[in-house]
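Trainee: Listed below, chain by chain, are the residues.
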Amino acid sequence: MMKNSIFNISPDRSKYPEKDAEGNLMVDLDSQKYVKLWQGPQHPGVTGNMSLELTISGDEIIQAKTHVGYLHRGFEKLMERRKYIQCFPTCIRMCVAEPDYNEYNLAAGIEELSGIEVPEMAQWLRTLVLEMARLQSLLRVVPGQGGTFALGLGVQWGVYLRDLILDLFEELTGGRVYHMYILPGGVRGLLPDGFKKRMEETLKKIDEFVVNIDNLMFSNAVFKQRAKDVGIIQPEWIDQFGIVGPNARSAGFMRDVRKDYPYLVYDQLDFEPMTMNYSDIYNRARLRWHDLIMTVDLIRQIMAKIPETGDIKAPTPNVLHWKIPRNETYIRSESSRGEYGFYMVSDGTDKPRRINLRGPSYVHAISLLEHMLINANIADTAAIMVSLQTCPPEIER
Amino acid sequence: MTNETNNIVEDKLELEDKFLAPENRKRQVTTPDGTIIEVDPLRDYFSDARPQIYRPNSIPVIENFLNWARAESLWVLGFGTGCGSIELPPLTTPRFDAYRFGVQMRATPRQSNVFIISGYLSVKTLKRVVRSYEQMPNPKYVIALGSCTINGGMYYDSYNTINRLDQYMPVDVYIAGCMPRPEALLAGFNKLKELIKAGKAEKANEYVENFDWYKANQKKIIKDWNMPDYNW
Amino acid sequence: MDFDLTKLLFTLLGLLIVLNWGILMSGIIRKIGARVAKRYGIPVYQGWIDLIKNYAIRSQITHGIMFYLGPVFRLSGGVGLFLFMPMIFGSEHWSNYSFQGDLILLMYFQFFGMLGMALGAGEGGHPNSAIGISRGLSQFTTIEVPMTLAVIAIAIQYHTLSIADIVAAQQGSILNWTVFTNPFATVAAMLSVLGAFGHSPFNLVKAPNEIPIGPPTEYHGTFLGVLRTNAAILHVIEAVLFMNLFFGGASNWFELFLKSFLIYFWSVFVGMVFPRFRIEQSVRWFLKIPTLLGIIAIILA
Amino acid sequence: MTSLKDILSPFTAWKNVILEPVTIKDPINDRPGAARYRGFHKNDITKCIGCGTCEDICENEAIDMVPVEGIETKDGDSGLRPKIDYGRCCWCALCVDVCTTNSLSMSNEYKWIDTDPDNFRFIPGVDKKSWDDNEAGWKKPEPNYEFYGLKRAEMGELHPEERDHSFIEFIKGYSKQQAQEEADRCVECGICTATCPAHMGIPDYIRAIRNDDIEEGLRVLYETNPLPEICGRICTHKCESVCSIGHKGEPLSIRWLKRYIADQVESEHYKKILETENLVKNGKKVAIIGAGPSGLSAAYYLSLLGYECTIFEKLPEAGGMMRYGIPEYRLPYDQIDKDINYILSLGVEIRYNVNIGSDITLDQLHLDYDAVFAGTGLHLGRSTRIDGSDHENVYQSIELLRKITLGEEIHVAEKIVVIGGGNVAMDITRSLARLQKIKYGKVQTLATSLETEDKMPADREEVVEAREEGAIIDPGWAPQSIEIVDGKVKGLHVTQCLSLFDATGAFNPQCNLDNKKFFEADMVVESIGQGMDLGYISENIKDNLTMGPRGRIQVDKYFQTSLPWLFLGGDIIQGPDVIHGIANGHQAARGIDNYLNAKG
Amino acid sequence: MEQLINKLQKSFKLSDVKHQRENLTFVTVKKDSALDLVTHCRDYEGFSHFVLLSCVDWIEDGKFQLTYLLNNPSGKFDLGIRTFISRDNASMTSAHLLWRQIATYQRELKEMYGIDFPGSPRVDESFILEGWDEIPPMRREFDTKKYSEDTYFPREGRGSNDPATYMKSKLYPDDEK
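Chains as they are written, first to last, in numbering that gives the first Met the number 0: chain A, 0 to 396; chain B, 0 to 231; chain C, 0 to 300; chain D, 0 to 599; chain E, 0 to 176.
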């Protein structure tokens, strides 16, 4: 990309480090050519609590390993010894950034396995909560991409606005971060009085933010230099690695569960997820910025179309001993990071036999990140990681 | 460190046992709760040197003044150990702006005074937390967030998370909640400031005094003691 | 030169003023920065508390003798700059130990602290500090290029290497300031200021979200206190240097405060809204536009 | 190459420097939680019944049920209160939503900072906290938001028009689906168990229904109650009155569920399921007087222990009050037979038409048997003793009912007034109403009682059903006199009854004499309680017995009288109630066993 | 979907076909042909997206159920391929060459269930746990609560009462049962 090759100091890595017969890198740390650099878990640049084991030569990474497990709480084990209703407080903590998708997936899975229809009002409210969750997550992530390049201003504004969304969450659901709003059969409350007005006020502020962040980040010469042509996802990797969501969309693949497998009331909403055909950090950030605008628009649509009132919960069996016959299913929903799926197996008792979370970060943060970091500059590691929007708790659960 | 080097260390140990300084030899220690445990300093302690007790300044006026400065300048280690770390960004951003109260985030344990244990600790993280905690200079303070640090919280029956933080490191302030809101965290900082100004936040010395007991507890659950081979 | 106690006392007093002004200045700047982020930010006096706190840290961990010396070198770099820097134009007492050709010495002292730091931080054994140092040195070298070019340009322009003389040459009218007489050199120098103050886009050296804190990552307590003391002095002194070279110096303390503040503020003004460059990008950048401007300045001079 | 816009536009961010920051000035005090915020717990300690449902649903085991000083354990209140460990809680508020009494709620307070980790435990409502009075905070969402059904599963019943002229059982009983639906509502708190005189394992057999394990259910039933078919129909279901679900909705129909289990099993399978095919006899003999619930219960449990039991029954068929006091439409005779036949099949001998005292004396029984249990019931009616109550057309309900069962002809007038508000009064009212319907084609029966409608001792559904069948229930009147003109009953004079009990709690009705009423009738039936007939106990025995208050014989907790071989139980000790009788019989069986074991 | 299953039925022995939704079907195949089926579906049936590899422990049958869930992005439907392997010395052919991410799944299964995938990259490295020397924790015989109580000593001083038993002890303490 750099035309003036005098300044291009990237060395040619096709020859060394040498590879052995099986194609593994031969990295001899004692040769003084390489340094092993650990990033994380105590590291401000790493998303969440995970760590990267980097082998670097100069400023360049020649080998990367993702280490996870710092947040492992054994959710899947814990849920196997909890009743279905008790799984809810547990499962929402599997991803702290957007807990609502856990709630929804588990509830939808239980409903599918035991054949419960959710009232329409509850469906709308669920859609609203899921979109709000996406919004608050994007408000952190979109400017967060600037944050990885030390452009902290956007993060400051974004986190403030996210807090306003959390206030609305608190009003609607009673919880600030962990909402516990979606339960099997329905949701836990109608919109409070004046909610639509306050939501619109907040959305106006976000509209303003969208413009500001465009000025600050996306029209920023330095940001462009840092983010363009770095951290490229090749289109052929999409299927090879199982990339989903915005990361796949930026490479030209339309992967959006809301469109592909419409759930809740998404078929009644008018939206078109964006795709791009060149996936570097800048485009991925830009795509998320477009997603942010789309989410704001979706929330406005929901606010306009949501019924005034209605049943919030279908009658369910007594939650204290709700048994589900032996069966299995896979439930997916579109989180801000991509397809978020629950593989659920019931065995006829009041406790699930197995609930397996398939989070997008599982592939993004491990196999894909390890692959993308090779030959990257160590200064870009945090940026690449954030641009994939990894979330460690959903990897290790 | 590879297994090979481990073995070498072990061999050395046997040879050099009698040449070791007394504080580095294997010995039996009585813990505060009365049980007797065996301690092998060379294998059990992370730090090169056993931590020391640093007594407060003997002149009350000076100590009070220094404590005032310590209280008003709380540098927090940026280590998100659990869910609670999601509430740290709001704390340092416009909504709550903890900077106003002298609370700042630092990226390295060496320069931090406050360790916020933001919720549950998996065993794997605990190892890093202990390491970071030991790297922090004296005086240091620990704020424990949420149920998980008090009695296991949600994860009381998990095989991979600890139940009681006070078994592994001394804690100054506990904040109830799952997770506590930023406001509660700010109130926690206020409480911590009170404690520091009153000279009651000497938990770092407490850690040293009961070092063997804490180490025994840590050792009981952290089975893999290998750390990256440089001092990070 | 005879030993002059009065001069020494005034110099020390000046150092004290500069130190406190440095702390206050960064406090004000941080407060302004916080405003941009829509918050109130730290109290302006937070810098002093932090400093006291750092000196109040009880335990010091050492990684060897050079580890001790690092901050000392760094401080002596800062104090050295101060010692040879005429502060107030025309004042007998506040011109410190400036002399003919002090400009060259100052250029050296700018580098001195960095080198000391390199030695000390290298001893720390932490890979982050090693990476930070190597980046710091390479970036600093490239910062020096336009800076030196600009200095050479004005040295040619004013036919002197004495800062006091350069300041003197700019007196009279505001139009006599180098900024107007030699705009290219000024721009080149002002761009290198961005790097010298270590704000983004040129703060990769300390990049917290990559190599936490960079070189000083292992420093704590008193060491950090020394480093912070030095930073406060250095920020003022560098600002004063540019003030003397390009903005007509200061004839009283108030003028000094104002001008140094504005020069320092310039770096924050840019740094606040731009992300940081990668090291090779910043090197490339410095070697391009500012260097070009510096060369133009020399040619014009 | 970068455009100028890319360099300049970021600087627009500096416009914020002149704007007021958005920071909250005093976040610690200025930010109460939202109106729905799930903050710290509150508990309305007077509403809470300590059912422990919150403990069951808490996935963190954060809640302990602990005794609290000043709160007594009583029927319908376990005396326990939830103690919450904030070292466990995750503020999901499932405990609030599941709370059976809506006593548990949350405040919007969220700050609790402490240096001692052991302090984070408290009993909401008991340990005073600053947030106890916070109005805001999470409450259970309303309406249509429940974790369990509040409505009973619908029970098939005969329509009033179908049933008002016949004595066919009109409650159809649950189908499997209905039973499971109903059983599903149970929260397994076990509050009911203590209130049930027989302490039946109610949650256990309900769980058996849910699991569709009828055999297990039957086993649980027979642990404490050998007459499930009967109890499943006519039990006074005190358990339902304390059912924790009843605080928010309709209590579980525990009685019908019991009946469901018994209905499902054919009598020939009982022995196999209950593993009573090979009982080992121990050679000791016990005589039981009266084949009522207590006698049958005692006989059953004694048989299980190996005793040889002989029941002496005065009437031609077994069942006592259950058969002779309860009309057939509520308790069909074949169901009584089913339960009794099973008990008899265990080797219990029964001798009908034997009158103790005249046919065989109690002393004789003492000599012939190792122990004697008497559960003779209350077969004498009580009279109001008002003017005219000695007229021949003034009847005792208990007599009429007995006659109906025996198939004797009874006098059914065109207009009838029943005095009494209990279940027996309803039984006779409805029986007479049916007979009137058969005889005259229309119902003109009226029942009145001292108690006002809300305090009537009869079961609510009895009153409702009686009305459905055409009877008039007009409660709250004190009978004054029966008007008799020309030797014929013309009606009943009543005055409004203001209160039944005086300040000391003694029975002392106060009437408003100005508010009078006259019920026309050709026939009056008194149904205000029953008395016992202890005539079979000879004087020499009676002299040796210690008497308790209200003319009853004193017994210990094993229903053993001061004569160690004589045990008394059932209605004569506890008052009229089937389930008490069963419980007494069971307990007496234990007492007899203890006594005989000690005797050797 | 039906058509596809019928087609696959010809070359593979599918059992237990369950159409869970119109776009989700589960089938069971023998252990030996499982990966053949997965490969076939990837190469010829358009199932280019690999969703997940999961394991279910049917301890009562002595079997692990491995589920390969494949997705056809263009047809928009999923196929879950189940296969059962023995719990003792559990082992399965590695599929890491089919999709890059499978290696991670296999690492996790090795650690959490003790299922061996010979040849899978880094399969023996610890993935999530560190220094774990108990039986693999996701196996159902591993009692996490007991382990937690033994290892992490919960805070003392707790104790609860069952309402029914407590009422019994208070109201009729002498009653035997």
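A portion of the hints provided could be inaccurate.
Okay, the calculated bits of chain C under chain A, using three or more residues with CB under 8 Å as the criterion [claimed, not checked]:
| hint | segment |
| --- | --- |
| 1 | 36-47 |
| 2 | 212-218 |
Covered stretches of chain B, as calculated for chain D (at least 3 residues, CB under 8 Å) [what the hints assert, rightly or not]:
| hint | segment |
| --- | --- |
| 3 | 50-59 |
| 4 | 108-117 |
| 5 | 147-154 |
| 6 | 186-197 |
Hints are computed from structural coordinates only; laboratory data are not their basis. Think of the CB as a built atom: it goes at the ideal place given N, C-alpha and C, for glycine as much as any other residue.
Trainee: Work down the list of hints and note, for each, if the structure agrees.
Mentor: For each hint, the structure was consulted:
1. Evaluation of the coverage hint for the segment 36-47 of chain C: fulfilled, as 3 residues show C-beta separations to chain A shorter than 8 Å, against a requirement of three.
2. Counting residues of the segment 212-218 of chain C whose C-beta sits closer than 8 Å to any C-beta of chain A gives 0, which falls short of three, so the coverage hint is violated.
3. Only residues whose C-beta sits within less than 8 Å of a C-beta in chain D count toward coverage, and the segment 50-59 of chain B has 0 of them, not enough to reach three; the restraint is violated.
4. Counting residues of the segment 108-117 of chain B whose CB lies closer than 8 Å to any CB of chain D gives 0, which falls below the minimum of 3, so the coverage claim is violated.
5. Counting residues of the segment 147-154 of chain B whose CB lies closer than 8 Å to any CB of chain D gives 6, which reaches the minimum of 3, so the coverage claim holds.
6. Here's how the segment 186-197 of chain B fares: 5 of its residues keep a CB closer than 8 Å to some CB of chain D, so the rule of at least three is met and the hint holds.
Checked against the numbered hints listed earlier, the structure breaks hints 2, 3, 4; every other hint is satisfied.
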